[in-house]
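Top line first, the protein sequences correspond to chains A and B.
To get this note's numbering, take the position in the first sequence, counting from 1, and add 2.
To get this note's numbering, take the position in the second sequence, counting from 1, and add 2.
Hints are computed from structural coordinates only; laboratory data are not their basis.
Nothing false has been slipped in among the hints.
Put simply, identical chains are the same to the list, so a pair is met inside one copy or across any two.
List time: in silico SDA-like cross-link candidates among lysine to any residue, alpha-carbon distance up to 25 Å:
#1 K827 - E842
#2 K632 - T645
#3 K784 - T223
#4 K793 - L585
#5 K632 - Q430
There are 2 protein chains.
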Amino acid sequence: MAKYVYLFKDGDASMRNLLGGKGANLCEMTKLGMPVPQGFTVSTEACSKYYEDGRRINEEIESQIHNALAETEKIVGKKFGDNKNPFLVSVRSGARASMPGMMDTILNLGLNDVAVEGLAKLTNNPRFAYDSYRRFIQMFSDVVMEVEKSNFEAILEHKKEEKGVELDTDLDADDLKAVVAGYLAKYKKIKGEEFPQDPTVQLIESVKAVFRSWDNPRANTYRRLNNIPYEWGTAVNIQAMVFGNMGEDSGTGVAFTRDPSTGERKLYGEYLFNAQGEDVVAGIRTPKPISDLEKDNKALYDQFVDIANRLEEHYKDMQDMEFTIEKGKLYMLQTRNGKRTAQAALKIAIDLVKEGKLTEKQALLKVEPKQLDQLLHPQFDAESLKNAKVIATGLNASPGAATGVAVFTAERAAELAKTGKPVILVRQETSPEDIEGMVVAKGVLTARGGMTSHAAVVARGMGTCCVAGAGTVKVNEEGKFFTVEGKRYNEGDFISLDGSTGKIYGEKVKTVDATVSGDFATLMAWADKYRSLKVRTNADNPRDAKVAYGFGAEGIGLCRTEHMFFEADRIPAMREMIVSKTLEERQHALNKLLPMQRQDFIGLYEEMHGYPVTIRYLDPPLHEFLPTEKDDIEALAKEMGITFDELNSTVNSLHETNPMLGHRGVRLSITYPEIAVMQTRAVIEAAIEVNRRGGKVVPEIMIPLVGEIKELKMIKDIVVETADKIIKDNKVELTYHVGTMIEIPRAALLADEIATEAEFFSFGTNDLTQMTFGFSRDDAGKFLADYYAKKIFANDPFAHVDTKGVGKLMKMAVELGQKVRPDIKLGICGEHGGDPESVEFCHAIGLSYVSCSPFRVPIARLAAAHANIKNPR
Amino acid sequence: MAKYVYLFKDGDASMRNLLGGKGANLCEMTKLGMPVPQGFTVSTEACSKYYEDGRRINEEIESQIHNALAETEKIVGKKFGDNKNPFLVSVRSGARASMPGMMDTILNLGLNDVAVEGLAKLTNNPRFAYDSYRRFIQMFSDVVMEVEKSNFEAILEHKKEEKGVELDTDLDADDLKAVVAGYLAKYKKIKGEEFPQDPTVQLIESVKAVFRSWDNPRANTYRRLNNIPYEWGTAVNIQAMVFGNMGEDSGTGVAFTRDPSTGERKLYGEYLFNAQGEDVVAGIRTPKPISDLEKDNKALYDQFVDIANRLEEHYKDMQDMEFTIEKGKLYMLQTRNGKRTAQAALKIAIDLVKEGKLTEKQALLKVEPKQLDQLLHPQFDAESLKNAKVIATGLNASPGAATGVAVFTAERAAELAKTGKPVILVRQETSPEDIEGMVVAKGVLTARGGMTSHAAVVARGMGTCCVAGAGTVKVNEEGKFFTVEGKRYNEGDFISLDGSTGKIYGEKVKTVDATVSGDFATLMAWADKYRSLKVRTNADNPRDAKVAYGFGAEGIGLCRTEHMFFEADRIPAMREMIVSKTLEERQHALNKLLPMQRQDFIGLYEEMHGYPVTIRYLDPPLHEFLPTEKDDIEALAKEMGITFDELNSTVNSLHETNPMLGHRGVRLSITYPEIAVMQTRAVIEAAIEVNRRGGKVVPEIMIPLVGEIKELKMIKDIVVETADKIIKDNKVELTYHVGTMIEIPRAALLADEIATEAEFFSFGTNDLTQMTFGFSRDDAGKFLADYYAKKIFANDPFAHVDTKGVGKLMKMAVELGQKVRPDIKLGICGEHGGDPESVEFCHAIGLSYVSCSPFRVPIARLAAAHANIKNPR
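Generate the whole structure from the sequences, applying the supplied hints.
See below:
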């Protein structure tokens, strides 16, 4: 028979998957002989069974719960519903990963009309007993039986009015007894039955309620954001109640073995005498610092310090502990690895190594790669944030905090920024023409677009804070204002963005600058020591390249050449190229673009100091470069000396029904090989130039959107012919490589053919995800919310590589490619390259490098180290 | 050493791939002891080598040619450049598949200043000799040396003027001698060198020219249209010249062993005395019927008849033969299986079985499935077509011929059709709202859209002629006219379309109706006997279903339920459903749609007489149902009793950047499960109704666009719950199946998961092709022309399944699916289901059925038989 229920004395910390974090640690502390109120854990498997059985607890599990309860009663020497020494328990959720506050808790379970009297006698405190019973009835009714709290609160309020008092504490035992009677009557009225007096019924119903709460909307959202699988389920911990509110010799508190803000090694926390946990949380009384306990009760403090030290030593990590003192006796209610700031995480990890408690590898695993973001971007000042009001929430598209005045056009952003004003660029959605505004803005806010929208991608590249797709923000660009739920924010009004959480504030919030400490360098050095994946960056200009190099990028994995053409001094030539009717005209325009592009590449090569630079040839549909509004077309036509009709007809002819599936990528070069020739000239001539000055450039030319070997072959032949001629004419030696992106499913399926021509593959997982799923990132936003709500997708496949589907294609491509070309270089340059989980997958399938936006380079370095430590190559 | 050159006496008919069709048959006739002017064949492998070596003939091949030439000179007893008995040859292309007129030919090669004298003496006809030399110089210069013919024609014209004569034949030997001198001088002037006098140089250059001509644009287009791989290359046949123009005892002719128009068994052909092949072709003199030869020269006629009979007996097929009589001696220049009309093809195949020459299986293989189209659709009257002028060409989107007056709206089409006028509906592109116009039109012409555009798909379904994507046709729908190269065609002007070739005529051309003979039924019966693939049809309404059933469809493989909602009496309810803001509103609209949909299904079931009917649930993006023009939105808003702004904002909110990758297919049901509920009710209630009347309906419910098992599971659960309840409530038994389309790459990759829920797979190869290649059929048109021109694609992957890429996914899905569910039903319902090559592929990978538009059902039946005969299951 399967075992679904474990006494605390029968488990240990290794059973986290089965017992949840809280349960496993309660077992472990029991094993270590620490003072833990005893109890038992209903396993996560029981939770799965509950859902499998159609949301019911089967007889087997129920009977195991009864048995465990009986055992526990023996251990603690109390009995459920006893009128002298009643056994009371807490019922708490406890998943494999901590999900604080997301699921339900029931305290004081076991109280009924009899037990309350027992409690009153035992504690000699009837007021306490009836207050506990009152609270239990309310909590149980609300959480387990779905009777709204407000039904009960009214009774309590009424009683206070009747007595003419303000505070709950002003009610005496009799008052509370009357309140309890009122509660029970109300319950019966609403539910049509008596409040359950049988503690075992209370218990089984409560276990169900906790299981049920695993599936509540709050928990589902939290899991999606934290990438916790729905399948895990939660365990339920049933633990003997201890009371911190039994008088001045009782109390309760929370403590950390180190400071969770700074990482400093000292006991950190607070406690309250004569209080229960909820009083600490409620903030009515101000708790005392934990150090005061030494003065208040030296023996107890020493005992606690000893336990804290032993726990940290045991878990080899900073612990976050909850404790209760009941009539002078210390009880440990929980211990877990403590949450900490990024700065603290670094310091603790490094200190633990210095203290000889952890190896470097172990220490690396203690720091979440994603956390590093905090160190690299400005954050809100905690004090200033306290009173700020969130007016809306969007996607946390690019981390960091920003405050500034709202502006609605790139031009205005540039004007105001010049005067020294901090600006936030607010747009419906951004387009490449907004680049100049984005460069000067402190933050970018868009009403539309997802995590891989233009705004998000570009902002991340620049390290600028961005909140994207804030649907409740209605932007009126022409009118220069936006509204949120009817409230209007005009140009010049201060707003603030938190790009790490997606929160938007309608006011000024102070920010503090990023601080990169020496610890950061130490940790990164360790990461580099233990990783096998190289980390490159996606950078389109020397500015980004320089930042990325500073963050440790080992080359450029993706330079999107088209981004270079959006700048004001270049776009005219680009547009001229696009509207050219003949090869000669087009050639003429390309000749204007050549020197600019060459100069860009020189800049990139120089910033990369000899690291490889991968240059992707022109990729987007050409119409992206052309204006769409009538006025803009008119203006451009005038500027270009052609008629409106002529330009308009070109713009129309470039219209596509599904631009994502249209004339772009290598398809452009197939139609206009002269573009590939120009870009090759720029790549090669720039490399020759930089190498003449002592550089060691080995350019990598990347052909995008290849789906058929003949496409690649044709363009590669043009590239090689052009390049070799220039090299020969210059009488120099220059190595260069030609490869392709694998972003079309067909390319992955036929990667063995593709590899006969491609010297490297770079997985373009943005497009590959779109094509493999058959939905575009621009359009999926509309229905993905439904997909999460209905648990069809656990998370966004554009944020984390879909290892099952897209990953299968990637593995296939890796294997097919290596079969034909064993030394083929394999990388990834989609947005997934900076996502720690995706980095782990890339490591597992044997890629050579990942490439990500500059500010994600440190994250990728640490993630790569994690991957290799967990699964060494 | 590889053998690249074969004497006619050394080959046979089995060597077609190596020697080409012409060469292999010349060898075979030689082997059979027939009078063939001797010679040799340079193989197709030599052609491949020529291209591999950068368009040159290597020394090895050249030396093999020289050797073969020397051998041939011995055999025929003549010598190159001899002044008494000069050896002259023809140099002709000959690919594996016949490509008539696409490549180059050189006649009379070997003539030079010496040999011409030898020829004059030998024939005792200096005029003939110099005329031959003149022609050779012109042909060689033009074809081989790229000197324009016009250079020479001017000299000849000048000579005729000088002599004051009209015809070439009025020039005498001396005149022609002077012309030859003029030609040679002209050649030298243009090329800067003497005309090559060395016959071996002439020969090698000519072989090169033929190889080169394999790659000319004409040949490339022909290959693409006929699906002949570029890689095959052409062979070159060098054959001793014989002259049909050596006097009245000479002649030349062409004959078929049966009538290629009707298939009647009688020698059919024509000949001319004292003439060369080109005279027959040129049509200056009228040839005599072959039967006249019996009177003219009984012995020769008997010899020819004997040869013809032996050839047909030998090849077991109708032969198309070329012959020349030189001074009373018969020479066979070519034999091949003759091209024939569809009607003839059927008759010949069936007669050959009756005559005991072929088995039924062999006979089936003699009929091209595609040819059957001719029998099922009206064709142009051959006489009337002779003088008709093609004004433009589009895609041959739906076969048949049509003539009628141009109209530019569906409404006008309906009006005029009611008066009995034949109409051609001309549109920029059609949309579902044009259906009523398409139903009444004789033909449909669109300026945009590809082979799988709305117009093409719907027209094929209805069997209506359609020419799509005719880019040079500029349609002005509002102005009610179109222009082609400036010429204007107004509403009411007659135009004609050939949907089998894509040709458009600016005038009335008489059509003749389709004729389906008893032979058709015989052949189809044989096809059914030998095929293992079932053939179903794609039909959305009882009308199409009935046609398809008549053509032998064994069920409906795809019913696109959305097509039912475009009709005028339904679209209001559909639109109401779409703009609903609440579930209640939507439910209300769905309740209106339910009875209509149920009635449609009853009709379909009845027309299918118990065969399976597969119903695909709502698939297209919802905005397709909404109007886009301001006026239309205004009208609709009024009709629906909502404000313009409200409706307009709904329309806008439904806008998608890439609708093909947007909110459609199963994604709609995930968001609005009530749609799936309504459709299930309609499917099941209709089945119960029909079965009550004695039907045997087993509906198959098909969920489209699934990419993830949980999508399918969720909707299947809803379907099953709804269906089972209805069945139970009705107290009946009803079997139904729930399956899915495999049209998203991810579904194919994870087909083992999908098969746990799907009872059947139907490959939606339109979408699967789009996603696998990453281009949409709507947008690819723009660049596919470049892809053909540059030989990146041999043909349209939307017309023939891309077996390498898309096919790999299909095979993977078949294997994964069968692993989990060995009896899974596998079909295809993309447009490829009616393409013979694709049918062959579907057979090979083990599908259970193909489904295609009604008029392609017979084609698919025959193609399925071909597939199983060639590759039995």
